[in-house]
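In case you want the letters, here they are:
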Amino acid sequence: GQQLNQSPQSMFIQEGEDVSMNCTSSSIFNTWLWYKQDPGEGPVLLIALYKAGELTSNGRLTAQFGITRKDSFLNISASIPSDVGIYFCAGHQGSNYKLTFGKGTLLTVNP
Amino acid sequence: GAVVSQHPSWVICKSGTSVKIECRSLDFQATTMFWYRQFPKQSLMLMATSNEGSKATYEQGVEKDKFLINHASLTLSTLTVTSAHPEDSSFYICSAQTSGRAYEQYFGPGTRLTVT
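Residue numbers (this note's numbering), protein chains in the order written: chain A, 1 to 111; chain B, 1001 to 1116.
There may be inaccurate statements among the hints.
Claimed, not checked - To give an idea of the chain A side of the interface with chain B (calculated C-beta under 10 Å), a few residues: (1) F12; (2) S26; (3) E41; (4) A48; (5) A52; (6) F88; (7) K98; (8) L99; (9) G102.
Stated by the list, open to error - Covered stretches of chain B, as calculated for chain A (at least 3 residues, CB under 8 Å): (10) 1038-1048; (11) 1071-1083.
By construction, these hints were calculated from the structure, which means they are not laboratory data. Cβ coordinates follow ideal geometry from the N, Cα and C atoms, glycine included.
Using the sequences and the accompanying hints, generate a full structural model.
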């Protein structure tokens, strides 16, 4: 099936720093979603993007739907310890409702 | 809004027994629910898609007779792991979609299954 290339795999940052992660694909996606998963929990939807070029914010989080529809990025500004977790991108294409997930970015924030 | 619950949150069972996991959408009606399996430090692997009142659609390689899915109402889907074996031990997560924002999936908190 279609793969989403998510990078980086992991990040170690200091509290207060900004973070950026992205997902790319060789084919077009119609919708991009960003999720965060804490250990032992289900993923939580952070941001949903529906239009090419769309830039959406949710608090300190900002995500963009790439203009080519083949990529998306997520930025976190002024990171705090509770930002720790695994961030997944997910994309939708085609006529069914299934999502394709990236492999995740593990974020560690040092206080 | 868009809260999904799962029960139980963890379960230990003996090899050969069956285990049922419930997934409920608490504050919305879910036209479609999904069941995923997640191994440690890996991404989510879709097992099946279920629509209320119809048979589930299983992904390639997922045994439908082993992982029985029932979506009896717009707020409840169940996954039954039949004749469980240790290799079925995993983290099982369900998600639900509303008809309004069709491509947004809201996830339950997951169920940790350990088969001894």
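Status of each hint after checking the structure:
Restraint check, F12(A) versus chain B: the minimum CB separation of about 16 Å is more than 10 Å; hint violated. Interface hint at S26(A): violated, since its Cβ lies 18 Å from the closest Cβ of chain B, which is beyond the 10 Å cut-off. Among the interface hints, the one on E41(A) holds; its C-beta lies about 5 Å from the nearest C-beta in chain B, closer than the 10 Å criterion. Evaluation of the A48(A) hint against chain B yields a held restraint, the C-beta minimum of about 5 Å falling below 10 Å.
Annotation: A52(A) was flagged as interfacial toward chain B, and the flag is violated, the nearest CB pair being 15 Å apart, outside 10 Å. The interface hint given for F88(A) is met, as the beta carbon of that residue sits about 7 Å from the closest beta carbon of chain B, less than 10 Å. Because the smallest distance between the Cβ of K98(A) and any Cβ of chain B comes to about 6 Å, under 10 Å, the interface hint for this residue holds. Checking L99(A) against chain B: minimum C-beta separation of about 6 Å stays under 10 Å; hint holds.
Because the smallest distance between the Cβ of G102(A) and any Cβ of chain B comes to about 7 Å, under 10 Å, the interface hint for this residue holds. With a threshold of 8 Å between beta carbons, the proposed coverage of the stretch 1038-1048 of chain B by chain A holds, since 4 of its residues qualify and at least three are required. Coverage of the stretch 1071-1083 of chain B by chain A is violated [criterion: at least 3 residues with CB-CB distance below 8 Å; count 0].
In summary, the structure is inconsistent with hints 1, 2, 5 and 11 from the numbered list given earlier, while agreeing with the others.
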